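Q: Given only the sequences and the hints, what does the whole structure look like? Please build it.
Number of protein chains: 2
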Amino acid sequence: MSYVHPVVGVPPPAFNVVAPSTAGTKDLQGMPGTAGSLALRVLQFGFAAIALSVMASISDFQTVTAFCYLVVGTGLQSLWSLSMAALDGYALLLKRSIRRSSLVTLFAVGDWLCATLTLAAGCSTAGITVLLARDLDQCGPNDCSKLQASVALTFLAWFLSSCSFFFSFWVMATS
Amino acid sequence: MSYVHPVVGVPPPAFNVVAPSTAGTKDLQGMPGTAGSLALRVLQFGFAAIALSVMASISDFQTVTAFCYLVVGTGLQSLWSLSMAALDGYALLLKRSIRRSSLVTLFAVGDWLCATLTLAAGCSTAGITVLLARDLDQCGPNDCSKLQASVALTFLAWFLSSCSFFFSFWVMATS
Numbered sequence: 001m002s003y004v005h006p007v008v009g010v011p012p013p014a015f016n017v018v019a020p021s022t023a024g025t026k027d028l029q030g031m032p033g034t035a036g037s038l039a040l041r042v043l044q045f046g047f048a049a050i051a052l053s054v055m056a057s058i059s060d061f062q063t064v065t066a067f068c069y070l071v072v073g074t075g076l077q078s079l080w081s082l083s084m085a086a087l088d089g090y091a092l093l094l095k096r097s098i099r100r101s102s103l104v105t106l107f108a109v110g111d112w113l114c115a116t117l118t119l120a121a122g123c124s125t126a127g128i129t130v131l132l133a134r135d136l137d138q139c140g141p142n143d144c145s146k147l148q149a150s151v152a153l154t155f156l157a158w159f160l161s162s163c164s165f166f167f168s169f170w171v172m173a174t175s
Numbered sequence: 001m002s003y004v005h006p007v008v009g010v011p012p013p014a015f016n017v018v019a020p021s022t023a024g025t026k027d028l029q030g031m032p033g034t035a036g037s038l039a040l041r042v043l044q045f046g047f048a049a050i051a052l053s054v055m056a057s058i059s060d061f062q063t064v065t066a067f068c069y070l071v072v073g074t075g076l077q078s079l080w081s082l083s084m085a086a087l088d089g090y091a092l093l094l095k096r097s098i099r100r101s102s103l104v105t106l107f108a109v110g111d112w113l114c115a116t117l118t119l120a121a122g123c124s125t126a127g128i129t130v131l132l133a134r135d136l137d138q139c140g141p142n143d144c145s146k147l148q149a150s151v152a153l154t155f156l157a158w159f160l161s162s163c164s165f166f167f168s169f170w171v172m173a174t175s
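Quick note, the sequences are listed as chains F and U, same order. With the UniProt record's numbering, letter number 28 in the first sequence gets 28, and the count goes up by one each step, no holes. With the UniProt record's numbering, letter number 73 in the second sequence gets 73, and the count goes up by one each step, no holes.
Pair by pair, the computed Cβ-Cβ distance ranges are:
| id | chain 1 | residue 1 | chain 2 | residue 2 | range |
| --- | --- | --- | --- | --- | --- |
| 1 | F | D60 | U | R96 | 56 to 64 angstroms |
| 2 | F | Q62 | U | G140 | 21 to 29 angstroms |
| 3 | F | A152 | U | D135 | 17 to 25 angstroms |
| 4 | F | V109 | U | L136 | 35 to 43 angstroms |
| 5 | F | A149 | U | A152 | 26 to 34 angstroms |
| 6 | F | V109 | U | D135 | 29 to 37 angstroms |
| 7 | U | V72 | F | S175 | 33 to 41 angstroms |
| 8 | F | C144 | U | A149 | 25 to 33 angstroms |
| 9 | F | I58 | U | A35 | 46 to 54 angstroms |
| 10 | F | S175 | U | G140 | 50 to 58 angstroms |
| 11 | F | C139 | U | S83 | 35 to 43 angstroms |
| 12 | U | S97 | F | C68 | 47 to 55 angstroms |
| 13 | F | S102 | U | V72 | 39 to 47 angstroms |
Computed from the model, here is a short list of chain U residues facing chain F with C-beta under 10 angstroms:
| id | residue |
| --- | --- |
| 14 | Y69 |
| 15 | L119 |
| 16 | I128 |
| 17 | L131 |
| 18 | F169 |
| 19 | V171 |
The following residues of chain F were derived to be distant from chain U, with all beta-carbon distances above 10 angstroms:
| id | residue |
| --- | --- |
| 20 | L43 |
| 21 | G89 |
| 22 | A152 |
No wet-lab data here; the hints were simulated from the structure. Please read these numbers as outputs of a predicted model, since none were measured by experiment. Just so it is clear, CB atoms sit at the ideal spot from N, CA and C, and this is done for glycine as well.
A: Put into structure tokens, the structure is as follows:
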């Protein structure tokens, strides 16, 4: 089959033109709008929400600024992950694309901010937990096991949030 | 001017084909091998090295794990930034390209690890500094101003390291 058609003012294309690199990575699991991304979001939400609940169950957590910050940080992470999970579910159910340039930029910025806040919250609480458990050896009255569990869950939420950020940023850079 | 030529088995190209976005961002300041990147590296090294020195000048910093971790974290950040500054200087002086795929992947991974370690070090020390200065009001004997200066400098080093990571990751994704 062959066509003969006029092309006005445009030279014939070179033979070594390479397709944009996005074509091969279009459906990589974990990118926005895939089942992998939905799984990441649900796990992030789960870990962040449990970390928040464990911290909130310590009776005098309000007396330490870093513990309050962990509650705020994991709370924001939970809300963001839940919203993104809803968006991924919408994209999967209705088979719509959510990889428009402006949307993907918003995902990348939001993921970076949330991952940074969550890591900061986990580390500031971890610093105090290690101070109490190891440096001062005052773990009896301070619910150290709850603190350690809350920090570990926050780090898990941060790690998964970082994965989502990498996927969003990759799609942003290659779209 | 018009051409008439046969095209075998290939439909005519769409009119809204956009050139790949990498072409325009080839020499964006901050990308590996540019003067902007060299400036970022020198500043990262400076902030991390001063943060380390300020922390090391506190007489009993070894008694708190988080403070030792800040010294290790900013030490690693300084070494990484100095090595990258040397590489940028080499690329600029000899006009060599250091944007090979494997090298840029190494830069992106190294920058991410260093930025994460530095943020973690800054936040764990910040948690304890706020505990001492605000929650327990025990700032007299604890060199709080030095702690605050060290945390602020560590955050500056982290922010600049994050900028380098964004540039490296962008080049990695688009190359």
